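Asker: Each chain, letter by letter, is given below.
Protein chains: 2
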Amino acid sequence: MASQSVLTPQAEDFPRWYQDVVAKAEMADNGPVRGTMVIRPYGYAIWERIQAEIDARIKQAGAQNAYFPLFIPQSYLSKEAEHVEGFSPELAVVTHAGGEELAEPIVVRPTSETVIGEFMAKWIQSYRDLPLLLNQWANVVRWELRPRLFLRSSEFLWQEGHTAHATYEDAAAYAMKIHLEVYNDFLNEVLAVPTFLGIKPPRERFAGAINTMTCEGMMRDGKALQMATSHELGQNFAKAFDIYYQSEEGQAALCHTTSWGSSTRLVGGLIMAHGDDRGLVVPPRLAPIQVVIIAVRDEPTVNEACERILASLKSAGVRAVLDRGRGSFGRRLTDWEIKGIPLRVEVGPRDLAEGVVTVVRRDTAEKITLELEAVAPRAPALLETMQAELLQGARDRRDANTCDVPSVVKAIDVAQTGFARLSWDLVGDSEEAEMNSQAVTIRCLVRADGSIPASDLEEDLLCIVAKSY
Amino acid sequence: MASQSVLTPQAEDFPRWYQDVVAKAEMADNGPVRGTMVIRPYGYAIWERIQAEIDARIKQAGAQNAYFPLFIPQSYLSKEAEHVEGFSPELAVVTHAGGEELAEPIVVRPTSETVIGEFMAKWIQSYRDLPLLLNQWANVVRWELRPRLFLRSSEFLWQEGHTAHATYEDAAAYAMKIHLEVYNDFLNEVLAVPTFLGIKPPRERFAGAINTMTCEGMMRDGKALQMATSHELGQNFAKAFDIYYQSEEGQAALCHTTSWGSSTRLVGGLIMAHGDDRGLVVPPRLAPIQVVIIAVRDEPTVNEACERILASLKSAGVRAVLDRGRGSFGRRLTDWEIKGIPLRVEVGPRDLAEGVVTVVRRDTAEKITLELEAVAPRAPALLETMQAELLQGARDRRDANTCDVPSVVKAIDVAQTGFARLSWDLVGDSEEAEMNSQAVTIRCLVRADGSIPASDLEEDLLCIVAKSY
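Line order of the protein sequences matches chains A and B.
Position 189, counted from 1, in the first sequence is what numbering that gives the first Met the number 0 calls 188; the numbers after and before it change by one each time, with no gaps.
Position 433, counted from 1, in the second sequence is what numbering that gives the first Met the number 0 calls 432; the numbers after and before it change by one each time, with no gaps.
Simulated from the structure, these hints should not be mistaken for laboratory data.
Remember, it's a predicted structure, so these values are computed and weren't measured experimentally.
One or more of the hints may lead you astray.
Said to hold, decoys possible - Incomplete in silico selection of chain A near chain B, CB under 8 Å:
no.	residue
1	T35
2	V37
3	I38
4	N64
5	P68
6	S87
7	L90
8	T94
9	H95
10	G97
11	G98
12	E117
13	N138
14	W142
15	L156
16	G347
Unchecked claim - Here are the simulated DSS-like pairs of lysine-lysine, each with C-alpha atoms no more than 27 Å apart in a straight line:
no.	chain 1	residue 1	chain 2	residue 2
17	B	K58	A	K58
18	A	K176	B	K313
19	A	K121	A	K58
To be verified - Pair ranges (Cβ atoms, derived):
no.	chain 1	residue 1	chain 2	residue 2	range
20	A	I367	B	E383	43 to 51 Å
21	A	D412	B	S87	56 to 64 Å
22	A	P348	B	R127	19 to 27 Å
23	B	R323	A	E433	52 to 60 Å
24	A	T368	B	R446	52 to 60 Å
25	A	E388	B	Q63	24 to 32 Å
26	B	A102	A	D412	17 to 25 Å
27	B	E365	A	I367	54 to 62 Å
28	B	G61	A	D412	52 to 60 Å
29	A	S314	B	R127	28 to 36 Å
30	A	R330	B	R147	47 to 55 Å
31	A	E180	B	Q63	27 to 35 Å
32	B	R394	A	S314	31 to 39 Å
33	B	G61	A	D297	17 to 25 Å
Quick reminder that beta carbons are idealized off the backbone N, C-alpha and C, glycines included.
Okay, chain A solo, but in the shape it has when bound (with noise of 0.2 Å):
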């Protein structure tokens, strides 16, 4: 198959693969200036999908969505110092604006936080403003010495939620909403990426947090990637940021706070943890093109018979689209599968003579024969069948991959290819900086029954380390 000389198999260079399904499924570019990047409508189109359903889940949550300016001046980035260290070399820098120098010059936001501190300043009065739970959709800029396509690039998109609350405990409950119900949920029913929760060890920790929780996810090479964090701040953002409340008693008290984020990130994490060798695998709840149908030839029947099709798919409430014939067959089928559209339907007179069509699924290529009339009725139950054995499919790999070690000279040796479980305990520093030095690092610290430690203090606790993206 014409297919099968497309893109660099897996096993071979997976970087290489990952690079060529970017650019075959036509979902990015790079950008004119270095590290950028251009999302092509395909790619665009699944970064819309990822952001509507991230986005009912957050509004679901009680978070209202804002938008805070793209520049900041620079003097806000000292105000919480540990931040600067942590985007310095980071940051991009307008000095010339309105045909002038400017007297202060201006960073273009790595995030908004310093300035969404400052308004939870002004905007938090009493107790009654509290939760004051915001997100915003954005761009921001992190330079970039390395960029590579959706996974590290010097602009993204993404989402950061910012709350503000009256105690620790209600800061760490919504903390722990947003990690599961948000992020947890989506990866798992959307995206079919099963995920180890769990939380940072401190050194990981995002800057100035108390505690940072995770999800993990195992791409097709063994390798991690981080796909969402929740950041409990504790009362260090709110000193920082001066953001107090006057307590039902009337006394002046400091706000707990939070922070969570996902970006473009998370198309980088669909094309490694589902793909092969044929290109993408878009699970069905996330795929903006769900089914394709595709007319084998040019011809009046065959058109026609698309079109019945499409229309009974589209009532039926799937998003469906039509390749009418025009061209090889055969190319046209390589570029639907590298784009990994869930369900293809070939259209063929041969077939249609007999009042039937092919029905081929994305990820096991196997092929059903249906009655015309029975494709829109039976497709949403196909698509509900793919998403679950998706799902399966990604946990036997991960759990296949996934091996309790007793000792680091292991953990590395598993992490070559997965990921390894081992005792906390036995990771000392030098334990530590040997495995960092092999590229290995902890992704997250977890109890033993598989749930999030409330802190790193508590005692047993499992640390998963990887290899990571």
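Dock chain B against the given chain A, drawing on the hints supplied.
Answerer: Frame of chain A; chain B shown alone:
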């Protein structure tokens, strides 16, 4: 009533009324960098609704969303000289990134057109790739010396459409389709702002355009606001960016392109087209909150009735919220009025004893007494009636404040409080200079029957002149 003292009356000082509404309705704040804005949750919810309605129409018209980078090499802006002249003093320039000075300065996009032009040239090979119909939702930056929230800000949010076609006719027809089916349909059917549809006179055209169509709305002070524009770029843009295609006959041919845009200015237009001395009036089809249920007091029977109404409204597909009875009823009522929620349902213990509640329309202040169970069934029709009457009211105001005049002197006079319409033949260079010296400009050229001229070379054109935002 308390509400009377909250806002500066429109008749006293319209610009101050505008500022007051933006602040008191919690729409937006000034950002820390001059000219930037913070769009607060309620303002952003309105923008999200505008975006959703326009986006659905853009997709219906066949265009696809994509995303192009925030950063543009400075050299790109010299590719099309006309544009540099148009933007140069407006540009924000990044000179430092990654901790060092950049070899070539980078411009923060004032539009993405140069980058989109480059990629169109790359993506378009043959006539089969045409038309290429792209749209982008993004932030852009144009330095503003006299910023005004939503109306003129250094950073604003917008959509810019860019399309390439094989023929002049196809390009012109598509620009017209966008203008009528996307912009004008949205403005009339959702924003309830009737428009004058026409073309810009040559000197007001977008740089490089061969024809610019505009939708001009009338604000409540009689000034005009340009709500959206669509440009036919002929082959000028394609020539500047080498956008060629191979025709069916195998010849290289230049494309014909269009561009079209609308922005967060529309939020300013919404405020000024419908607002009154009590605040915003949001058309029901646009409103993120269509109905607010206000508990007069915080009592169990009241709360229970409110919850029942809320649930029934939501089941009826109405966007409703509940204001539990905490704090002063009068203050809460004023706040919801300022926010312009189309319908409020007042639920008080005395009415409840008789099984009824009071429904109040925001625009007319008309009060209707309804049985509890009747609220949800009646609400959709009440909302639709209000939508229709808002549009009709705006039409009536526009017509009452648009005068046909026989001379430029008269036109200047009429433009102090409304729109003047006169023969374009009467407006020579010196007459136009005279008008402009009094801040009166030609908003658009129209045919005598009100339809959109195909070109400014048509005979017997009329022009609409007004002061404007």
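Asker: For the pair supplied as a hint, B:K58 and A:K58, confirm whether the alpha-carbon distance does not exceed 27 Å.
Answerer: 24 Å, holds
Asker: Take the C-beta atom of A:E388 and the C-beta atom of B:Q63, compute their distance, and say whether it sits inside 24 to 32 Å.
Answerer: With a Cβ separation near 30 Å, A:E388 and B:Q63 satisfy 24 to 32 Å, so the hint holds.
Asker: So the hint says 17 to 25 Å: do the beta-carbon atoms of B:A102 and A:D412 match that?
Answerer: 44 Å Cβ-Cβ, so the 17 to 25 Å window is violated.
Asker: Between A:D412 and B:S87, is the Cβ distance one that fits in 56 to 64 Å?
Answerer: Since the Cβ atoms of A:D412 and B:S87 sit about 60 Å apart, the hinted range of 56 to 64 Å holds.
Asker: Regarding A:I367 and B:E383, is the given constraint of 43 to 51 Å on their beta-carbon distance met?
Answerer: With Cβ atoms ~46 Å apart, the hint holds.
Asker: Between A:R330 and B:R147, is the Cβ distance one that fits in 47 to 55 Å?
Answerer: With a Cβ separation near 54 Å, A:R330 and B:R147 satisfy 47 to 55 Å, so the hint holds.
Asker: Measuring from the C-beta of A:T35 to each C-beta in chain B, is the shortest one below 8 Å?
Answerer: This hint holds: A:T35 lies near chain B, its Cβ roughly 4 Å from the closest one there, short of 8 Å.
Asker: So does B:R394 sit 31 to 39 Å from A:S314, Cβ to Cβ?
Answerer: Holds: the Cβ-Cβ distance is about 37 Å, inside 31 to 39 Å.
Asker: Can you verify the interface hint for A:L156: is its Cβ closer than 8 Å to any Cβ in chain B?
Answerer: 7 Å, holds
Asker: Starting from the range 52 to 60 Å, see whether the pair A:T368 and B:R446 falls in it by beta-carbon distance.
Answerer: 59 Å, holds
Asker: Quick one, is the A:G97 hint okay against chain B at 8 Å, beta carbons?
Answerer: With a closest approach of 4 Å, the A:G97 hint holds.
Asker: With a cut-off of 8 Å on the beta carbons, see whether A:P68 makes it to chain B.
Answerer: 4 Å, holds
Of the numbered hints listed earlier, those contradicted by the structure are 16 and 26.
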